[in-house]
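Participant: Could you put the whole structure together from the sequences, leaning on the hints where they help?
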Amino acid sequence: MPTPQELRNLKIVTKAFGIPDSHKLATYQKRGGFEAFRKALTLQPAAITDEVKKSNLRGRGGAGFPTGMKWSFIPKDAKLVYLVVNADESEPGTCKDRELLAKDPHLLIEGMMIASYALGCKHAYIYIRGEMMREAKVVQGAIDEAYAAGWLGKNHPAAGGGGTFNLDITLHRGAGAYICGEETGLLNSLEGKRGWPRLKPPFPAIKGLFNAPTVVNNVETIMNIPEILTRGGEWFAGLGVGKSGGTRIVCVSGHVAKPGVFELPMGITFRDLIYDVCGGIPGGRALKGVIPGGSSMPPLDASEIDVPCEFDALMTDPRIKDVEVKPGVPFDLGGGRKLKTMAGSGGIVVFDDTTDVVALCARIMEFYAHESCGQCTPCREGSGWLARVCKRLARGQGEPGDVELLANIANGIGGNTICALGDAAAWPMLGFLTKFRADFEARIQPKKIGLPGRAGATTEAA
Amino acid sequence: MPLEFSAQSKQRVERLLTRYPTKQAALLPVLHVAQEEFGHLPDEVIELVSRTLDLPAAHIYGVVTFYTMFHREKHGRNELMVCTNISCMLRGAYPILEHIEKRLGIKPGETTPDGVFTLVEEECLAACANAPMMICGDDYFLDLTPEKVDVALDELRRRSQQQQPQPVGTKTIFGMGPNGAKT
Numbered sequence: 149m150p151t152p153q154e155l156r157n158l159k160i161v162t163k164a165f166g167i168p169d170s171h172k173l174a175t176y177q178k179r180g181g182f183e184a185f186r187k188a189l190t191l192q193p194a195a196i197t198d199e200v201k202k203s204n205l206r207g208r209g210g211a212g213f214p215t216g217m218k219w220s221f222i223p224k225d226a227k228l229v230y231l232v233v234n235a236d237e238s239e240p241g242t243c244k245d246r247e248l249l250a251k252d253p254h255l256l257i258e259g260m261m262i263a264s265y266a267l268g269c270k271h272a273y274i275y276i277r278g279e280m281m282r283e284a285k286v287v288q289g290a291i292d293e294a295y296a297a298g299w300l301g302k303n304h305p306a307a308g309g310g311g312t313f314n315l316d317i318t319l320h321r322g323a324g325a326y327i328c329g330e331e332t333g334l335l336n337s338l339e340g341k342r343g344w345p346r347l348k349p350p351f352p353a354i355k356g357l358f359n360a361p362t363v364v365n366n367v368e369t370i371m372n373i374p375e376i377l378t379r380g381g382e383w384f385a386g387l388g389v390g391k392s393g394g395t396r397i398v399c400v401s402g403h404v405a406k407p408g409v410f411e412l413p414m415g416i417t418f419r420d421l422i423y424d425v426c427g428g429i430p431g432g433r434a435l436k437g438v439i440p441g442g443s444s445m446p447p448l449d450a451s452e453i454d455v456p457c458e459f460d461a462l463m464t465d466p467r468i469k470d471v472e473v474k475p476g477v478p479f480d481l482g483g484g485r486k487l488k489t490m491a492g493s494g495g496i497v498v499f500d501d502t503t504d505v506v507a508l509c510a511r512i513m514e515f516y517a518h519e520s521c522g523q524c525t526p527c528r529e530g531s532g533w534l535a536r537v538c539k540r541l542a543r544g545q546g547e548p549g550d551v552e553l554l555a556n557i558a559n560g561i562g563g564n565t566i567c568a569l570g571d572a573a574a575w576p577m578l579g580f581l582t583k584f585r586a587d588f589e590a591r592i593q594p595k596k597i598g599l600p601g602r603a604g605a606t607t608e609a610a
Numbered sequence: 036m037p038l039e040f041s042a043q044s045k046q047r048v049e050r051l052l053t054r055y056p057t058k059q060a061a062l063l064p065v066l067h068v069a070q071e072e073f074g075h076l077p078d079e080v081i082e083l084v085s086r087t088l089d090l091p092a093a094h095i096y097g098v099v100t101f102y103t104m105f106h107r108e109k110h111g112r113n114e115l116m117v118c119t120n121i122s123c124m125l126r127g128a129y130p131i132l133e134h135i136e137k138r139l140g141i142k143p144g145e146t147t148p149d150g151v152f153t154l155v156e157e158e159c160l161a162a163c164a165n166a167p168m169m170i171c172g173d174d175y176f177l178d179l180t181p182e183k184v185d186v187a188l189d190e191l192r193r194r195s196q197q198q199q200p201q202p203v204g205t206k207t208i209f210g211m212g213p214n215g216a217k218t
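Chains as they are written, first to last, in this note's numbering: chain A, 149 to 610; chain B, 36 to 218.
Read the hints as simulated data drawn from the structure, not as lab findings. Owing to the predicted nature of the structure, the values given are computational and were not obtained by experimental measurement. Incorrect hints may have been included.
Said to hold, decoys possible - So the derived list for chain B, only partly shown, Cβ under 7 Å to chain A, looks like this: (1) PRO56; (2) LEU63; (3) TYR102; (4) SER122; (5) LEU125; (6) LEU160; (7) ALA166.
Every residue, glycine too, gets a C-beta built ideally from N, C-alpha and C.
Facilitator: Listed below in structure tokens is the structure:
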């Protein structure tokens, strides 16, 4: 087992950072590229899925679903299977996949080759966010290089597979819609439609892209696969904490001295992250709160930062307060489960005590209102309503009852929509109200009562 | 005469069609090709794409209006996408946006009268560690200050006067950090 210091320095998916020309095939091969794929070809496809299961690799796009389990949902007798890599990174505060795509696209390609071999996929797609024009060119360049060298396409001799393994990879550019990061919205978009999420079931593993069984994985998730093959699932699982294997990439932004994208041990706490890795808060100011995994996740307040930045800890650690609908009444996640927060996409946004949290929350609500796809009424109408009331409060024009109104709207959205975008608006709304209620209440104008034209008495009505 | 793709675009469309099992799946990439060639996607272009892919124009219209990067109106040669989402907001994105508005004399969604710039207030552009930031095509402008904005706008204006396409990866990027800790 690596020592804590070794673990701190261990890089799996960010190995290429800092290497000149790291995006080129020649550089990648010099670094031992495609060795893991060669090893994969000596194994049975099912053995690879088992290895990924053993590794405790969890989806790095936001939900943290076990990757090996996702793969094992593909029916054994499926003739046509698709692998789709979700590179539609757009969760506010998240900037890891863009870096990974630009710096090590061949690691992604090798990961896709191994995954495709395990899944029986012959044509894989990378759905890249439309705005990432530079990265799209880099990735397309890498794909072209891989074709030219015989790694992709038909009968590649370089792989030593004797022509038994063929894979095509197509890069597909989105066109500006956050909702296409939702896996079924992504599939619809890839099929040439509006990016409207689909009702589940059927899940993509049964009926996905072009109605065929499909696995959708995040960029970072797939980029972990070659190392898992090389060093074994057990080794990878051993690096992590509990049921979360491997390292964790975090993108720290906001009020820290040294923001950046870092690959760190899974168990690192937010305190270490902010004060050690990122050099603390500029100007020696005090911490107000942290958004732990992209803007859709309920924030932590300054008293909750000793929790590790790990999937299960953020959902269950007793040091994190339950998100409430109103004081003393926890939000019901379904079946009586309570909501704390989630590790999400690794987008960590730090804000200090000078921050106007109401304005911050209003900006988040504005984002989800803008990005709601419009299919489900609670989300389409509710997210805009949340944004309008939040903005009113942020302007200092809040009305008595606004805090309760926000909680009610959010509670009406949560769990009542086809996809998680509704929750993505509702959860942080309730989270901000739970942790920073006083900031919201301070924006309410006392209601004037009395006869029109007379100076009425003011009171904290409602 | 109905509108046609140039020979080069036609070739690109042909290649795209080999990458998907259905013609419809090529819609987004073909719309990108069309917008690159024609600048925007008015009815005639939608009809051209409809003929090319055997898809109802109404379906294409629905798709075009769903995605923010497809536009029905003419845009400036440089589309300035300024992020104002939370990470950028916390580090002063709104004053930066105001500075740009003042410099260009336009609001988000508008185009300068000379057609050089269209200003867009964007959602998170995934460069949060270098906030505040904006992009223009495949150029990133990072860790923005009003001074850096001025330099960027002058450079973009100069470049669009030259009208010369720049090779990928050679353009100015501000805020390039060491060892990949930052973009």
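Participant: If a hint holds in the structure, say so; if it does not, say that too.
Facilitator: Hint by hint, here is what the structure shows:
1. Look at B/PRO56: its Cβ gets to within about 6 Å of chain A, closer than 7 Å, so that hint holds up.
2. For the restraint placing B/LEU63 at the interface with chain A, the shortest Cβ-Cβ distance is roughly 6 Å, inside the 7 Å limit, so the hint holds.
3. A distance limit of 7 Å between C-beta atoms decides the matter here; for B/TYR102 the minimum to chain A is near 4 Å, and the interface restraint holds.
4. With a least beta-carbon distance of about 4 Å to chain A, the hint placing B/SER122 at the interface is held under the 7 Å criterion.
5. The restraint placing B/LEU125 at the interface with chain A holds, with a minimum CB-CB distance near 5 Å, inside the 7 Å limit.
6. Taken as an interface hint, B/LEU160 checks out: its beta carbon lies about 6 Å from the nearest beta carbon of chain A, inside 7 Å.
7. This hint holds: B/ALA166 has a C-beta 6 Å from the nearest C-beta of chain A, less than the 7 Å allowed.
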